[in-house]
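Let the sequences and hints guide you as you build the complete structure.
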Amino acid sequence: MENSFKAPITVLANGAFPTHHIPLDILKKSGTIICTDGSANNLLSLDLEPHVIIGDMDSINNYEFTGLKVP
1 MENSFKAPIT VLANGAFPTH HIPLDILKKS GTIICTDGSA NNLLSLDLEP HVIIGDMDSI
61 NNYEFTGLKV P
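Quick note on the UniProt record's numbering: the sequence shown kicks off at 1 and runs consecutively.
It is possible that some hints are incorrect.
[Claimed, not checked] Now the in silico label distances, taken between C-beta atoms and shown as ranges:
id, residue 1, residue 2, range
1, A7, I54, 11 to 21 Å
2, N42, I9, 29 to 39 Å
3, H21, D56, 15 to 25 Å
4, M57, F17, 25 to 35 Å
5, D47, K6, 16 to 26 Å
6, S59, L27, 29 to 39 Å
7, V52, P23, 11 to 21 Å
8, N61, L27, 15 to 25 Å
9, V52, G15, 10 to 20 Å
10, I26, I54, 12 to 22 Å
11, L27, G55, 24 to 34 Å
12, F17, D58, 16 to 26 Å
13, G55, P18, 11 to 21 Å
14, H20, D47, 30 to 40 Å
I should point out that these hints are in silico values taken from the structure, not numbers from a laboratory.
Don't be surprised by glycine CBs; every beta carbon is placed ideally from N, CA and C.
What follows is the structure, encoded as structure tokens:
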């Protein structure tokens with residue numbers, strides 16, 4: 001089985017979004033970003049796209065994620 005995730009992997013949860021340069025640099029250097037639906041919109045504000053979104057998708061801004069496919 002081939003692993004489709006690239007290191008480093010960052011998991012981002014909802015809450016106070018990071019503003020300090022160290023966590024922001026970690027996000028920008030991530031090979032794979034896994035985030036909750038509540039943090040996905042904030043991630044887009046940095047011009048970053050999540051590779052995986054976990055949650056019930058009630059917090060997703062549909063206008064920002066036009067290509068989102070929910071199985």
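Hints, verified against the model:
A C-beta distance of roughly 19 Å is found between A7 and I54, which places it inside the suggested range of 11 to 21 Å. Against the hinted window of 29 to 39 Å, the Cβ-Cβ separation of N42 and I9 comes to about 18 Å, which falls outside the hint. Separation of H21 from D56 is about 32 Å and departs from the stated range, judged on CB atoms against 15 to 25 Å. In this structure, M57 and F17 break the distance hint of 25 to 35 Å, their C-beta atoms being roughly 19 Å apart.
Separated by about 18 Å at the C-beta atoms, D47 and K6 satisfy the suggested range of 16 to 26 Å. Between S59 and L27 the C-beta distance comes to about 18 Å, which lies outside the given range of 29 to 39 Å. Judged by the Cβ atoms, the range 11 to 21 Å given for V52 and P23 holds: they are separated by roughly 19 Å. Hint check: N61 to L27, Cβ distance near 18 Å, so the stated range 15 to 25 Å holds.
The supplied range of 10 to 20 Å is met by V52 and G15, whose beta-carbon atoms lie about 18 Å from each other. In this structure the supplied range 12 to 22 Å holds for I26 paired with I54, their Cβ-Cβ distance being about 19 Å. For the pair L27 and G55, the beta carbons lie near 18 Å from each other, so the given range of 24 to 34 Å is not met. With their beta carbons about 18 Å apart, F17 and D58 fall inside the hinted range of 16 to 26 Å.
For the hinted restraint 11 to 21 Å between G55 and P18, the CB-CB distance of approximately 19 Å keeps it satisfied. For the hinted restraint 30 to 40 Å between H20 and D47, the CB-CB distance of approximately 18 Å leaves it violated.
In terms of the numbered hints stated before, the structure departs from hints 2, 3, 4, 6, 11 and 14, listed from lowest to highest.
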